[in-house]
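2 protein chains.
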Amino acid sequence: MNEIPTTASFPTSKRNRVKRRHDRGSYDHASVFAVLDAGLLCHVAYTFDGQPYCTPTIHWREDDMLYWHGSSASRMLRHLRAGTPACLTVSHLDGLILARSGFNHSANYRSAMCFGMARIIDEPQEKLKALAGVVDRFYPGRAETLRPISAQEAKATTVIGMRIEEASAKVRAKGVADDEEDYEYPVWAGVIPVSMVVGAAEPCPRLLPGMARPDYLSGYAEGARLAQALTDAQRMYEGEG
Amino acid sequence: MNEIPTTASFPTSKRNRVKRRHDRGSYDHASVFAVLDAGLLCHVAYTFDGQPYCTPTIHWREDDMLYWHGSSASRMLRHLRAGTPACLTVSHLDGLILARSGFNHSANYRSAMCFGMARIIDEPQEKLKALAGVVDRFYPGRAETLRPISAQEAKATTVIGMRIEEASAKVRAKGVADDEEDYEYPVWAGVIPVSMVVGAAEPCPRLLPGMARPDYLSGYAEGARLAQALTDAQRMYEGEG
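Residue numbers (the working numbering), protein chains in the order written: chain A, 1 to 241; chain B, 1 to 241.
In short, the hints are calculated from the structure, not lab data.
Accuracy of the hints is not assured; some may be wrong.
[As the list claims (entries may be wrong)] Here are a few chain A residues that sit away from chain B, every Cβ distance over 10 Å (derived from the structure):
1. Ser26
2. Arg119
3. Gln234
[What the hints assert, rightly or not] Below are the DSS-like pairs computed for lysine-lysine, each with C-alpha atoms no more than 30 Å apart in a straight line:
4. B:Lys127 x B:Lys155
5. B:Lys127 x A:Lys174
6. A:Lys19 x B:Lys155
7. B:Lys129 x B:Lys155
8. B:Lys174 x A:Lys129
9. B:Lys14 x B:Lys155
10. B:Lys19 x A:Lys129
11. B:Lys14 x A:Lys127
12. A:Lys155 x B:Lys174
13. A:Lys14 x B:Lys155
The structure displayed is predicted, hence computed values, not measured ones.
We treat Cβ as the ideally placed atom computed from N, Cα and C, and that holds for glycine.
Throw the hints in and build the complete structure from the sequences for me.
Structure, rendered in structure tokens:
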């Protein structure tokens with residue numbers, strides 16, 4: 001993999017500069033990648049025939065390349081083959097902020113918006129590498145233990161890729177911020193934290209006898225934070241690359 | 001509030017018909033609203049000057065009207081004043097599906113995509129009602145206990161609204177679905193469930209003495225599922241309406 005210096009930043013323009021609450025924005029690779037790597041679910045905005053679509057999907061990252069699964073809807077494929085502007089966003093909700101005024105109610109969150117040209121990955125080697133990545137990035141080392149992918153499956157899967165041209169991260173991570181004169185107002189105020197938590201694994205009822213849960217899933221133990229498990233898996237995946 | 005029959009459905013067109021895995025799609029109001037009401041975080045796709053933007057924000061719902069906070073960036077405001085096509089999506093990740101082939105790896109999820117024309121809500125009465133709604137929809141009854149909103153705050157807040165013209169819900173909620181011949185393959189397979197869980201509330205350090213946590217927050221107790229708390233709050237909010 002190419003090394004990206006951790007101090008590097010994405011360029012800024014009208015497109016990615018954080019406008020509302022710009023004090024919460026940053027543009028360095030490390031901040032953007034930290035948000036992306038802590039999530040599995042992303043939302044991608046495309047425009048087709050003047051209509052914006054906000055599509056939820058699973059993303060994975062190799063350096064500054066983002067990959068995700070695409071719809072095989074023919075209209076979208078046509079646009080994606082030529083390359084189409086897209087925006088991929090990952091967001092984590094971390095807490096509800098209950099202030100003493102409606103105006104200061106808020107949420108703690110981490111989000112990253114990434115801009116670039118989305119295109120279909122159809123070069124066979126790049127596509128196979130990306131398809132192994134979607135497994136190994138989440139479960140490092142798992143891909144080679146699976147029933148190998150067939151040519152038909154590779155063909156039936158649409159992988160979309162986008163090099164990040166510009167990006168921003170935006171984070172709110174603090175307590176209640178009321179107007180100074182409101183702290184005397186007689187109402188409860190505080191933070192209600194929330195997080196994505198892993199539950200107890202449910203083995204497939206048709207598992208072969210003696211098939212133990214593999215070590216690479218230890219980060220996804222019951223009660224773990226999903227964001228931490230995903231971040232650790234990405235680090236392991238990069239270490240293997 | 002207007003009553004919407006629970007058997008009602010949104011019309012379908014090329015725009016909202018579920019293409020990839022259409023067996024997972026539905027179009028009835030109840031299915032779409034259930035996904036919307038279980039979430040606080042949404043992503044909105046807009047297009048400005050040919051560039052799609054995928055913006056994370058907080059949404060709330062009154063019947064088939066969606067509201068969210070907007071950026072005050074002047075370029076966006078100009079488009080939004082005139083009304084602009086948008087797509088608001090809410091997604092919940094419920095589990096990771098580890099299959100015996102890479103191709104059958106998947107996720108359990110619930111998502112709703114809503115299409116319509118987004119516009120700035122600037123009619124004063126509608127805007128004030130929407131601003132009370134963003135508090136009461138999450139914390140029923142809280143708005144009237146807060147320091148009242150000032151004219152300046154109302155002016156400084158951009159509320160965007162969109163009547164849902166078309167929508168779809170998409171749900172995967174099942175175990176591993178391998179190809180029949182793969183069940184003999186010697187690899188662990190199963191579901192790793194995940195959910196948004198509420199943590200221990202952190203009262204503001206500057207709370208007035210004796211200010212107890214109000215009853216309307218009982219659904220947000222430590223260990224509760226956020227989706228359930230939000231769904232219950234919406235039901236209470238509708239009951240009050």
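Hint by hint, here is what the structure shows:
no., hint, in the structure
1, Ser26, "holds, 16 Å"
2, Arg119, "holds, 15 Å"
3, Gln234, "holds, 15 Å"
4, B:Lys127 x B:Lys155, "holds, 10 Å"
5, B:Lys127 x A:Lys174, "holds, 28 Å"
6, A:Lys19 x B:Lys155, "holds, 18 Å"
7, B:Lys129 x B:Lys155, "holds, 14 Å"
8, B:Lys174 x A:Lys129, "holds, 28 Å"
9, B:Lys14 x B:Lys155, "violated, 38 Å"
10, B:Lys19 x A:Lys129, "holds, 26 Å"
11, B:Lys14 x A:Lys127, "holds, 29 Å"
12, A:Lys155 x B:Lys174, "holds, 25 Å"
13, A:Lys14 x B:Lys155, "holds, 25 Å"
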